[in-house]
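Chemist: Protein chains in written order, with the working numbering: chain A, 1 to 366; chain B, 1 to 366.
Everything labelled a hint here was simulated from the structure, so no lab data went into it. Ideal placement from N, C-alpha and C gives every residue a C-beta, glycine not left out. Among the clues, some could well be false.
[Stated by the list, open to error] Which residues of chain A face chain B? A partial, calculated answer using Cβ under 8 angstroms: (1) 21; (2) 130; (3) 162; (4) 174.
There are 2 protein chains.
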Amino acid sequence: VIDADRLQQMIAAELAGRRADVLAIDPRLAGPVDLLVRFVSDGGKRLRPEFLWCGWLAGGGPASGPDVDRVLQVAAALELLQACALVHDDILDRSERRRGRPATHRAAAELHAGAGLLGDPDHYGTSVAVLLGDLALAWADDLFLTGAAALDAIDDAAPVWRAMRTEVLSGQLLDLAVTASDVRDPATQEIDAVRVNRFKTAAYTVERPLQLGAALAGAPAATVSALRTYGADIGVAFQLRDDLLGVFGDPAVTGKPAGDDLVEGKRTVLLALARAALAAASTASTGSAARDELAELDAGIGDPAADRERLAAIIAGTGAVQAVESRISVLRQSALTALDGVEPGLDPAVHHRLVGLAEAATARVH
Amino acid sequence: VIDADRLQQMIAAELAGRRADVLAIDPRLAGPVDLLVRFVSDGGKRLRPEFLWCGWLAGGGPASGPDVDRVLQVAAALELLQACALVHDDILDRSERRRGRPATHRAAAELHAGAGLLGDPDHYGTSVAVLLGDLALAWADDLFLTGAAALDAIDDAAPVWRAMRTEVLSGQLLDLAVTASDVRDPATQEIDAVRVNRFKTAAYTVERPLQLGAALAGAPAATVSALRTYGADIGVAFQLRDDLLGVFGDPAVTGKPAGDDLVEGKRTVLLALARAALAAASTASTGSAARDELAELDAGIGDPAADRERLAAIIAGTGAVQAVESRISVLRQSALTALDGVEPGLDPAVHHRLVGLAEAATARVH
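Bound-form chain A, shown alone (with noise of 0.2 angstroms):
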């Protein structure tokens, strides 16, 4: 298990460093640099940071030593790396809630209404966001480079830093392209949520830091093919159990409204088996009803002003959950099959870890 204190305790030291360095050039940036180093301190499941460690386990680095700080120094890359591309895709999404606060870019509107600043707040806020997400990503490039240079893992770390930002924007890319494009087809809906997931989630969440920590450690070709089928389907399951947060999650335990992926207009797996559920039913001769809710889904998705409960329970009522949760289990089960092509064998500690995150990924909520 990667030590959360120890980890904390460097994320904190790099955010206090640049913060100093950006109140350095103006005092009066400690409002906005604040809500990003509150975002990164507070926030998120350090789930990137947990792959990354069990991936330099997996890889043969040691559990202690002065290469745990330089491996740590790349766990904060990632969590800076996501802090942008969550407070970028909350501009996106147009969310208003994030980790039960208010978004980056509505916060930052606020701190704009509070001063009594002159201009619209909203675009001020947006603003603000796009300068404090990109302030992530140039600190995180700067963590890893720290951190993988001390390890004198360049060579090995860099593609894999580089694959992995370059998927999850180009993810974000065709998340924006599927969502505005006119396609109704379930089949064509599908395989779209399928690829968005790989590359915008399950790449990034799951296989990319696993890899990375296996090749900071400099690990065999054998160990990271196994670590990254397994993180490729943790990856993938994982997403899948967020669609489903995002329908039918608790809001005190994801953060967000409920429902807010559906008045959002997000394609994923689960609507896209859902649609297809109701699409097969409508040719069936007593098939009305399911045309009559296929239609008032289509009408209601993307719709902020949509019957939130309502489009849940028509979604529930087509078996896409039980076929989601399905999936999520024989990913599961093939991702821990996977470890087994870890050479010379997995650590049983760091097994036992490999298998508690797939299921803390992955599990029912609720």
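Assemble chain B onto chain A, guided by the hints.
Modeler: Structure of chain B alone, referenced to chain A:
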């Protein structure tokens, strides 16, 4: 002089590689990613690469041999970083045009409209531009890392790269804060404008690229110090010239509509000096005309419907243009004097080039 063709080839090859990475994820991403590829390929005066190259030579780096391509990689990184800054800045400033073409967020909105996509084209355009800027920033870091590692110069160069990115982003944040603040005192406005200029433009455009080149070459401290003084002065003068162009520039030269800075409400040194002159004249017994002009200026700045020619004429009538021109001259002279501090003396060809760049970056355009 930097080999412009070779730099262009380096940029083109790098962009082709990254474009292929994105299209491997999904070929539908060609539309958005090509906006970025074209923006970086076609655009700009390559000023930052020129300064980087001068810093490299001034610091003792060889003008030929295998290291040149590595320096050019870092030069290409500067152009990608600049692409991020401009693409995001155009969102923040709500700029419609850049380099004689639609700004990236406007071009992306046109893609949306042209393809018959769902949703709000403007929000789609902004979203795509946020992600393209992020990609440019991530790719800039990849290139910096590759080049600096190959030159075995990470320890020397990474702190400069880090400072440059934090500075330009903090300068942009400060610009937002200053533009939104309701400060009316001309002296305070001038101090704020000078500080924004220093961090948002001067350090980022001249001082840090020169220092980065010198760091890549392992230059002695006296050389770095002399180059930084030159760079800070020329950088500030460059922005003062840009401020004049933003009000009085020929759109055919600037690629932006005449007087765009005025209607965007940009808080420049030029504007602060004009307001200071009008405020001083207002206190005289014959000051009613000045009072009226100050009120007219304050009402028009930041108003998209304002009469740009009239605002420009008011500014020109205050003598602020001559005051800014004087500052540019003084800074240019001070910068050239600083070059005498380079040890063991600057190669005459490099000296000649830095004199020429000082002229090019700050000269009257018409």
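Chemist: For every hint, state whether the structure bears it out.
Modeler: Going through the hints against the structure:
1. Hint on residue 21 of chain A holds. Least Cβ distance to chain B is approximately 5 angstroms, under the 8 angstroms limit.
2. Against a cut-off of 8 angstroms between C-beta atoms, the interface hint on residue 130 of chain A holds, since the closest Cβ of chain B lies about 5 angstroms away.
3. The beta carbon of residue 162 of chain A is positioned within 8 angstroms of a beta carbon in chain B (closest approach about 5 angstroms), and the interface hint is therefore held.
4. For residue 174 of chain A, the suggested interface contact is upheld, since its CB lies about 5 angstroms from the closest CB of chain B, less than 8 angstroms.
In this structure, every one of the numbered hints holds.
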